[in-house]
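Now for the letters of each chain:
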Amino acid sequence: MTRRSKFQIYLTIVTFSTGFLVATSIETTKLMRTEKMNNQLFQQETQLTDRILSEKEQNRHLENQLIDLQRQVGKVEEAMAARKEEAADILGQLEAARMQAGVVAVEGPGIVVTMQDSQHASTSADITNYIVHEHDVRLVVNELRAAGAEAISINGQRLVSNSSIRCVGPTIIVNGIKSAAPFVVSAIGDPGTLEGALSLPGGVLQSLQDFVQIDVAKHATVQLPAFVGDAKSKHS
Amino acid sequence: MLQKSRKITFILAIISAIIGVMLTVQLRSSLDPVHKESRSIAELRASLQKELEKHKNLLADISKYNQLYYQYETSLSEDESLSVMREELARNRKMAGMVGVEGPGIAISIVDVEFDESIVDEHMSAPVVGGYSIDDEDLRWLVNILFANGAQAVSINGHRLISTTAIRNVGDVIQIDTRTIQPPYEMKALGEPEVLLSALKLEGVEEYFQLSNKHVLAEKRDKLIIPANREERSIRFMKPVKEKGDS
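For the protein sequence lines, the chains are X and Z, in the order given. Residues in the first sequence are numbered from 1 upward in steps of one, following our numbering. Residues in the second sequence are numbered from 1001 upward in steps of one, following our numbering.
Hint data in this document are derived by calculation from the structure and do not stem from the laboratory. Think of the CB as a built atom: it goes at the ideal place given N, C-alpha and C, for glycine as much as any other residue. Mixed in with the good hints there might be a few duds.
Sample of chain Z residues at the chain X side, in silico, Cβ under 8 Å [said to hold, decoys possible]:
1. E1051
2. E1137
3. A1153
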């Protein structure tokens, strides 16, 4: 009888470890496969990141080239203006039109409005109340325009005559270019007037302040980039 | 007796094998969870797309300025280069919205729903015609949809919208910059008519305005004329950046 129960105990141990072995080998092959996949993903990721970086570098290069070119054109135009009064007259109009069309980078006094989801957002039951929506951004932009802002950009995207502002999740899409929070609205104009317009009693600042984080800062000079891509048929 | 105990042994063997397998699986899966990284790949693809798009745009801009430079350089007389400059001025004024434009597009009018007496019985409170008014954000929202779907120029009641145009409630009326507009609101949008019309459907514009008892009538036009912006704006604060910026 004792022999028999001993035998049973041995058998238990042996089969137990056999099971263990079988499972381990299966799992290991599976793991190797996922690891291989992960590796592939990782490789893909690094490749993509590399391409993005090189593309960015190239774009920066191109941007500088464009600015240089604009300056060259500007020099030629100025030379012409110096020679002829008529040309000077046209040049004045041309510069204004270029600035209003948003195709040249501009600078001047103005304000910078930074909007961000409220810190309450993660703890609050009703999250939608505490995040920045596209109409909040539009509201601020609209108020700045009404207060006489001459040029506005959002997260480095210059607003032109057919720009749109869209929000998808936590990102904002302006001129078809996506960027993440915080949303920074920069405007050139009389800083006092612009700030005053936002902070009127019952105004934009007051109505938004309770829900989202919004900061307004006056600056002596704000630089706004040019809108890029006016040559092709624009779609924003 | 012998048979029975052999059976027990057999069952015991199977059970312990199963337990062994289960234990291992459990251990393994709790030790290293498999990472999912496909999301970040999608994000990376999107940002690459963005950079490529920008690249294309930059190249287009550069070739445009190159052409302009070339035109200036090769013009034989002062008059010729002056006319090049005038052309450039006209092009920029057009982009700024200071010149009227025409082309295919859609016309939208937002009108009151007609009061239909046959539907109304005494239990239903009749909607006040024109009682629910549209506010500035409604118009801004609609305009934004148009621009987001490729509209190149939009006007509301004949007022062309440009980069500095504000649409806001002043008292009971809506002002576009300094000019007051009255309902019914008529919009014109230059762009691909089919794209714009399907965008209106997709965004539920019709349903949205129905809430304020309004009908949205949108139709395709082969030829649409959108006037120039008439607002006088003097530039007082901004000037072109001459030096290379950090940005």
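For each hint, the structure was consulted:
| no. | hint | in the structure |
| --- | --- | --- |
| 1 | E1051 | holds, 4 Å |
| 2 | E1137 | holds, 6 Å |
| 3 | A1153 | holds, 7 Å |
Checked against the numbered hints given earlier, this structure breaks none of them.
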